[in-house]
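S.K.: Could you build the full structure based on these sequences and the hints that come with them?
Residue strings, one per chain:
There are 2 protein chains.
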Amino acid sequence: MKLYDLELSGNCYKVRLFAALVGIELELEPVDIPGGAHKRPPLIDLNPWGELPVLVDGDVVLRDSQAILVYLARRYGGNQWWPDGAAQQGEVMQWLSTAANEIHNGPNTARLVEKFGYPLNKARALEVSAQLLPLIEQHLSRHDWLALGRPTIAECAVFPYLAVGWEGGVTLNDYPAIQAWIERTKALPGFVGMPGVR
Amino acid sequence: MKLYDLELSGNCYKVRLFAALVGIELELEPVDIPGGAHKRPPLIDLNPWGELPVLVDGDVVLRDSQAILVYLARRYGGNQWWPDGAAQQGEVMQWLSTAANEIHNGPNTARLVEKFGYPLNKARALEVSAQLLPLIEQHLSRHDWLALGRPTIAECAVFPYLAVGWEGGVTLNDYPAIQAWIERTKALPGFVGMPGVR
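Protein sequences appear in the order of chains A and B. So the first sequence is numbered by UniProt numbering: it starts at 1 and just counts up by one. So the second sequence is numbered by UniProt numbering: it starts at 1 and just counts up by one.
Rather than coming from a laboratory, the hints here were simulated on the basis of the structure. Heads up, some of the hints might be wrong.
Looking from chain B toward chain A, a few residues come up when the C-beta cut is under 10 Å (computed) [to be verified]:
id: 1; residue: D57
id: 2; residue: L62
id: 3; residue: D64
id: 4; residue: A87
id: 5; residue: G90
id: 6; residue: M93
id: 7; residue: W95
id: 8; residue: A99
id: 9; residue: H104
id: 10; residue: N105
Computed beta-carbon distance windows for the label pairs [to be verified]:
id: 11; chain 1: A; residue 1: N173; chain 2: B; residue 2: G193; range: 41 to 51 Å
id: 12; chain 1: B; residue 1: L188; chain 2: A; residue 2: E7; range: 37 to 47 Å
id: 13; chain 1: B; residue 1: A180; chain 2: A; residue 2: I33; range: 29 to 39 Å
id: 14; chain 1: A; residue 1: P30; chain 2: B; residue 2: L135; range: 22 to 32 Å
id: 15; chain 1: A; residue 1: G35; chain 2: B; residue 2: Q138; range: 20 to 30 Å
id: 16; chain 1: A; residue 1: R150; chain 2: B; residue 2: G58; range: 21 to 31 Å
id: 17; chain 1: A; residue 1: F116; chain 2: B; residue 2: A180; range: 32 to 42 Å
id: 18; chain 1: A; residue 1: R184; chain 2: B; residue 2: V192; range: 37 to 47 Å
id: 19; chain 1: B; residue 1: K186; chain 2: A; residue 2: L28; range: 40 to 50 Å
id: 20; chain 1: B; residue 1: N79; chain 2: A; residue 2: R150; range: 20 to 30 Å
id: 21; chain 1: A; residue 1: K115; chain 2: B; residue 2: L188; range: 36 to 46 Å
id: 22; chain 1: A; residue 1: E7; chain 2: B; residue 2: A130; range: 22 to 32 Å
id: 23; chain 1: A; residue 1: P176; chain 2: B; residue 2: A180; range: 46 to 56 Å
For lysine to aspartate or glutamate, the following EDC-like pairs were computed, each having C-alpha atoms within a straight-line distance of at most 20 Å [unchecked claim]:
id: 24; chain 1: A; residue 1: K39; chain 2: A; residue 2: E29
id: 25; chain 1: A; residue 1: K186; chain 2: A; residue 2: E7
id: 26; chain 1: A; residue 1: K2; chain 2: A; residue 2: E51
id: 27; chain 1: B; residue 1: K2; chain 2: B; residue 2: D32
id: 28; chain 1: B; residue 1: K39; chain 2: A; residue 2: E137
id: 29; chain 1: B; residue 1: K39; chain 2: A; residue 2: E127
id: 30; chain 1: B; residue 1: K115; chain 2: B; residue 2: E51
id: 31; chain 1: A; residue 1: K186; chain 2: A; residue 2: E137
id: 32; chain 1: A; residue 1: K2; chain 2: A; residue 2: E29
id: 33; chain 1: B; residue 1: K186; chain 2: B; residue 2: D144
id: 34; chain 1: B; residue 1: K39; chain 2: B; residue 2: E7
id: 35; chain 1: A; residue 1: K122; chain 2: B; residue 2: E127
id: 36; chain 1: B; residue 1: K122; chain 2: A; residue 2: E127
id: 37; chain 1: A; residue 1: K39; chain 2: B; residue 2: E137
id: 38; chain 1: B; residue 1: K2; chain 2: B; residue 2: E51
id: 39; chain 1: A; residue 1: K39; chain 2: B; residue 2: E127
id: 40; chain 1: A; residue 1: K2; chain 2: A; residue 2: E25
Just so we're clear, the structure is a prediction, and the values are computed from it rather than from any experiment. By construction, the Cβ of each residue, glycine as well, lies at the ideal position given by its N, Cα and C atoms.
M.R.: Here is the structure:
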């Protein structure tokens, strides 16, 4: 299967990370974002939203990193990563929404401004991050993993922008439980990093 | 089961709407948000994030409207609303992320500023909305429903803030396909509205 990819995108990295953890072979197709390739055919036909990642697996074409994680885990990952039960799916899903909302608006946006010069509001992104990190710290001070007491796709959705958040000025210095979770995640068999993951 | 609820919250309405469509009986517990009840026990213990909705169903306690939709649909809604297959879950999930990200940052945020005086950036929220609505319009001009050719929890996640977006200055006047989908959704058996849904 093919992943339309940008090495420096944390959203693309979510998919690469999960694929590495469960042993899915991805054909990576690097996309020339500065050249606007994501806004032109063939990519804009695969994803009218003009964003990465995009996954193509036979007939299946998906945008959005969280949707791709659910798809891959359901199809190839087994029950461990995205379980079958209602309460379990709900528990993991809470963190997929956190990734799509607060992590996007916080650490991801701060990094987009700082590292790539996007014309977004960095002060607001730092504010969102400052509200978010204590909540995650509190959770991880009582739990080894985000959900279900084991690694799930919640880790793949949340880890990337927390791990590279320092590139946007969002450090984990005051959050020892998050730091410990970062190390636990890095120790998972098959783990791969991305530029900026220390 | 109990839903900690605010009548004017579109996020709470997502859950009320789904429950009505599938015939789940909810015990609604109105929360005094102006009085800060969501930031104090017992609610802050149920949801440290201090936000609504919160669902309590026996041992299951969930925050985040999308997570609650997945839980309820998986447990009580049957395959129609949140299917079992990988590609199908991925297709619906794309729209749950859209609800958590662009719809939150667009129509929802514009309404929070305009109707409730939140100190957020309305110009940016209108910009996000102006990017988002043509994409949804394009999709709905070719499809009756957001995913799978039938109503799913994607409708429950996306409908509320599109239907009340006019309260924040995000109208659907230029989007006939979205308007038609609004009417189709309102015609679903069991549909309920909220204040602001015309």
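S.K.: Decide, hint by hint, whether the structure agrees.
M.R.: Hints, verified against the model:
no.: 1; hint: D57; in the structure: holds (8 Å)
no.: 2; hint: L62; in the structure: holds (5 Å)
no.: 3; hint: D64; in the structure: holds (5 Å)
no.: 4; hint: A87; in the structure: holds (5 Å)
no.: 5; hint: G90; in the structure: holds (3 Å)
no.: 6; hint: M93; in the structure: holds (4 Å)
no.: 7; hint: W95; in the structure: holds (8 Å)
no.: 8; hint: A99; in the structure: holds (8 Å)
no.: 9; hint: H104; in the structure: holds (6 Å)
no.: 10; hint: N105; in the structure: holds (7 Å)
no.: 11; hint: N173/A with G193/B: 41 to 51 Å; in the structure: holds (48 Å)
no.: 12; hint: L188/B with E7/A: 37 to 47 Å; in the structure: holds (44 Å)
no.: 13; hint: A180/B with I33/A: 29 to 39 Å; in the structure: holds (35 Å)
no.: 14; hint: P30/A with L135/B: 22 to 32 Å; in the structure: holds (24 Å)
no.: 15; hint: G35/A with Q138/B: 20 to 30 Å; in the structure: holds (24 Å)
no.: 16; hint: R150/A with G58/B: 21 to 31 Å; in the structure: holds (22 Å)
no.: 17; hint: F116/A with A180/B: 32 to 42 Å; in the structure: holds (38 Å)
no.: 18; hint: R184/A with V192/B: 37 to 47 Å; in the structure: holds (44 Å)
no.: 19; hint: K186/B with L28/A: 40 to 50 Å; in the structure: holds (44 Å)
no.: 20; hint: N79/B with R150/A: 20 to 30 Å; in the structure: holds (26 Å)
no.: 21; hint: K115/A with L188/B: 36 to 46 Å; in the structure: holds (45 Å)
no.: 22; hint: E7/A with A130/B: 22 to 32 Å; in the structure: holds (30 Å)
no.: 23; hint: P176/A with A180/B: 46 to 56 Å; in the structure: holds (53 Å)
no.: 24; hint: K39/A with E29/A; in the structure: holds (15 Å)
no.: 25; hint: K186/A with E7/A; in the structure: holds (18 Å)
no.: 26; hint: K2/A with E51/A; in the structure: holds (15 Å)
no.: 27; hint: K2/B with D32/B; in the structure: holds (16 Å)
no.: 28; hint: K39/B with E137/A; in the structure: holds (18 Å)
no.: 29; hint: K39/B with E127/A; in the structure: holds (18 Å)
no.: 30; hint: K115/B with E51/B; in the structure: holds (18 Å)
no.: 31; hint: K186/A with E137/A; in the structure: holds (17 Å)
no.: 32; hint: K2/A with E29/A; in the structure: holds (7 Å)
no.: 33; hint: K186/B with D144/B; in the structure: holds (13 Å)
no.: 34; hint: K39/B with E7/B; in the structure: holds (18 Å)
no.: 35; hint: K122/A with E127/B; in the structure: holds (17 Å)
no.: 36; hint: K122/B with E127/A; in the structure: holds (17 Å)
no.: 37; hint: K39/A with E137/B; in the structure: holds (18 Å)
no.: 38; hint: K2/B with E51/B; in the structure: holds (15 Å)
no.: 39; hint: K39/A with E127/B; in the structure: holds (18 Å)
no.: 40; hint: K2/A with E25/A; in the structure: holds (9 Å)
Violation of the numbered hints given earlier is absent; every hint is satisfied by the structure.
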